[in-house]
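Asks: Taking the hints into account, I'd like the entire structure generated from these sequences.
Per this note's numbering, the very first residue in the sequence shown carries number 14; after that it's consecutive.
Please note that a few of the clues may not be correct.
[Claimed, not checked] Using 35 Å as the maximum straight-line C-alpha spacing, the simulated DSBU-like pairs for lysine-lysine come out as follows: (1) Lys137 - Lys29; (2) Lys119 - Lys29; (3) Lys163 - Lys103; (4) Lys137 - Lys119.
If you are wondering where the hints come from, they were derived from the structure by calculation, not from laboratory data.
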Amino acid sequence: MSIAERLIELGIELPKAAAPVASYQPLVVQGSTAYLSGQLPFIDGELVTGKLGADIGLERGQAAARACGLMIVAQLQAAGLLERVERIVKLGGFVASVPDFTDQPKVVNGASDLMAEIFGEAGKHARSAVGVPVLPLNAAVEVDAIIALKGA
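Replies: Printed below as a string of structure tokens:
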């Protein structure tokens, strides 16, 4: 089954790939590896903002991380690379949170679980999940990715 067919089976509609908000490329391919810049969480076209442990709860944070994951997949699709994904190698999750919030790994599970849903075993990856005081545009979560590609 193709990834496009899998998305349909799962009922997942990808958002439009977001344009960069500064001087960088959203995706760079070097050899057989795709490096994706940090993607921000858009749900129903609105950026999820705020801090975990202050004005955002765990479930909303997980939904925001999932939205970041959807944007990663959308960037791959926009670049014509979706069907070339061999493996999601690593996700980096950044969670805007108050100092005593310690559930960053649970938040980033929103993106990690999505990758396993879409790509199966190839979606299981290494990961980091860190708390930060602030993210661009006051985003609640940001996720970047390193992805191995099939073919040249």
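Asks: Under the constraints set out in the numbered hints, which ones does this structure not fulfil?
Replies: none
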